[in-house]
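Novice: Chains as they are written, first to last, in our numbering: chain A, 126 to 241; chain B, 126 to 241; chain C, 126 to 241; chain D, 126 to 241.
No lab work stands behind these hints: they were computed from the structure. Check before you lean on any hint, since a few could be wrong.
Because identical chains cannot be distinguished in the list, a pair is counted as satisfied if it fits within a single copy or across any two copies.
Under the rule of at most 20 angstroms between Cα atoms (straight-line distance), these lysine to aspartate or glutamate pairs were calculated in the EDC-like manner [said to hold, decoys possible]:
no., residue 1, residue 2
1, Lys232, Asp147
2, Lys232, Asp142
3, Lys206, Glu184
4, Lys232, Glu143
5, Lys206, Glu229
6, Lys134, Asp210
7, Lys185, Asp131
8, Lys134, Asp195
9, Lys206, Glu188
10, Lys206, Asp195
11, Lys225, Glu176
Number of protein chains: 4
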Amino acid sequence: MPDAIDDLKQRLRQFADERHWDQFHSPKNLAMALIVEAAELVEHFQWITQEDSRALSPEKKAEVEAELADIMIYLVRIADKLDVDLYNAALAKLEQNAEKYPPELVKGKSKKYSEY
Amino acid sequence: MPDAIDDLKQRLRQFADERHWDQFHSPKNLAMALIVEAAELVEHFQWITQEDSRALSPEKKAEVEAELADIMIYLVRIADKLDVDLYNAALAKLEQNAEKYPPELVKGKSKKYSEY
Amino acid sequence: MPDAIDDLKQRLRQFADERHWDQFHSPKNLAMALIVEAAELVEHFQWITQEDSRALSPEKKAEVEAELADIMIYLVRIADKLDVDLYNAALAKLEQNAEKYPPELVKGKSKKYSEY
Amino acid sequence: MPDAIDDLKQRLRQFADERHWDQFHSPKNLAMALIVEAAELVEHFQWITQEDSRALSPEKKAEVEAELADIMIYLVRIADKLDVDLYNAALAKLEQNAEKYPPELVKGKSKKYSEY
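Please take these sequences and the hints and turn them into a complete structure.
Specialist: Written out as structure tokens, the structure reads:
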């Protein structure tokens with residue numbers, strides 16, 4: 126079974142190839158498309174409370190799911206164009222974060238979250 | 126072998142648990158964190174040409190890779206909090222896009238890309 | 126006395142001219158720069174509650190003020206490059222919004238805010 | 126004649142008051158609304174070249190103008206809620222930028238723009 130990320134990468138390549146869209150898929154443009162999708166996600170949450178954002182209705186949840194899908198699609202696509210392995214990049218970042226934020230120092234009200 | 130996305134999901138749960146950070150990880154907050162990371166990606170490309178964005182130096186590529194990792198981390202985390210399967214959501218969106226943009230209609234200069 | 130927006134526009138033109146930066150100031154690039162600054166604003170609020178965002182410390186308020194300044198700068202600059210009058214454009218939009226959201230229909234818990 | 130920014134500020138206060146929307150206008154929420162509008166601006170430019178972004182059709186220009194208006198509206202509104210004077214904040218930032226980027230050092234191909 127191919128890995129999920131790799132499978133999406135291959136499908137997105139084919140999708141762009143069949144449409145001759147590779148010419149539009151510069152990293153510059155794909156970064157713009159990605160942030161536009163991220164904003165469509167943010168839009169769902171802009172006027173509601175944190176509490177309500179944890180308890181979306183089924184209709185809203187379906188809409189939010191579609192936005193997450195769009196972000197995933199552009200993220201996998203730009204990673205492919207830049208030859209980045211998303212899984213290993215995320216693992217490496219997690220290791221850095223683990224050193225940067227030791228549990229015993231940041232537990233509960235961390236510096237990161239409490240500096241305001 | 127666990128799927129890459131699922132493996133990240135589990136690691137991020139543990140990471141937040143160990144730091145008691147779950148309280149900060151409302152979907153509203155995570156959507157904000159995600160778009161902030163998306164903007165850090167955009168920042169790398171804001172003043173360069175599309176052509177240059179396709180040929181980053183190794184130093185810049187490493188920086189961009191770290192931003193993609195951050196986006197992946199928050200994307201997997203918010204999907205987990207909302208109980209969304211990113212892979213299947215992306216597949217469903219790809220199917221919709223395939224119907225919306227038939228290759229024979231959008232090839233090369235698609236409506237989507239040429240309306241300007 | 127020149128209008129504040131017009132004064133900023135003139136100063137930003139001179140600033141770019143003196144540095145030969147006009148070549149980088151395409152609307153595409155300026156839109157990217159603007160959203161990057163907007164994200165730096167969002168970053169200040171991503172982990173705090175709405176209540177806390179209404180009561181920033183003087184130090185945080187100064188940082189947020191600098192982000193608002195950056196957004197204003199790029200907003201005035203892109204409006205100038207596109208020959209848009211920000212004040213009149215905002216007035217026109219306000220009129221549209223007034224028709225779209227009649228007070229008697231949207232008061233308190235508006236459709237806009239309560240659909241979630 | 127009142128200053129343009131101050132006039133918008135007053136109109137936006139009245140607009141929110143009449144709709145009892147002040148409760149939704151925390152700086153956290155307004156920052157989210159602002160970046161969502163910034164992304165709607167970015168969306169207009171995501172697939173086009175820098176050159177084409179400098180020469181929009183009248184139809185596209187009208188759409189872009191409406192997005193700039195939305196950004197201005199939320200920018201003036203959040204500045205009001207945080208008691209920030211946008212004009213003076215922008216002037217202060219411009220002075221800092223003038224020191225940070227002396228014309229003789231950054232002219233044409235500045236460090237800022239050429240580090241990639």
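Novice: All the hints need checking, so say for each whether the structure fits it.
Specialist: Going down the list of hints, with the structure as the test:
In this homomeric assembly, Lys232 and Asp147 come within 20 angstroms of each other (Cα to Cα) only across copies, at 11 angstroms, whereas the closest approach inside a single copy is 46 angstroms. In this assembly of identical chains, Lys232 and Asp142 lie within 20 angstroms of each other by CA distance solely across copies; the values are 9 angstroms between and 48 angstroms within a copy. Within a single copy, Lys206 and Glu184 get their C-alpha atoms only as close as 34 angstroms, which misses the 20 angstroms cut-off; across copies the closest is 17 angstroms, which meets it. Proximity of Lys232 and Glu143 under a CA criterion of 20 angstroms is satisfied inter-copy only: 7 angstroms between copies versus 50 angstroms inside one chain copy.
With identical chains, the CA atoms of Lys206 and Glu229 are never at most 20 angstroms apart, being 39 angstroms at best within one copy and 24 angstroms at best between copies. Proximity of Lys134 to Asp210 under the C-alpha cut-off of 20 angstroms is found in both arrangements, the shortest distances being 10 angstroms within a copy and 17 angstroms between copies. Proximity of Lys185 to Asp131 under the C-alpha cut-off of 20 angstroms is found in neither arrangement, the shortest distances being 29 angstroms within a copy and 24 angstroms between copies. Taking the shortest alpha-carbon separations for Lys134 and Asp195, both the intra-copy value of 13 angstroms and the inter-copy value of 19 angstroms come in at or below 20 angstroms.
Within a single copy, Lys206 and Glu188 get their C-alpha atoms only as close as 28 angstroms, which misses the 20 angstroms cut-off; across copies the closest is 15 angstroms, which meets it. In the homo-oligomer, the alpha carbons of Lys206 and Asp195 lie at most 20 angstroms apart both inside one protomer (17 angstroms) and across protomers (17 angstroms), since each shortest distance falls under that limit. Proximity of Lys225 and Glu176 under a CA criterion of 20 angstroms is satisfied in neither setting, with 29 angstroms inside one chain copy and 28 angstroms between copies.
Of the numbered hints listed earlier, those contradicted by the structure are 5, 7 and 11.
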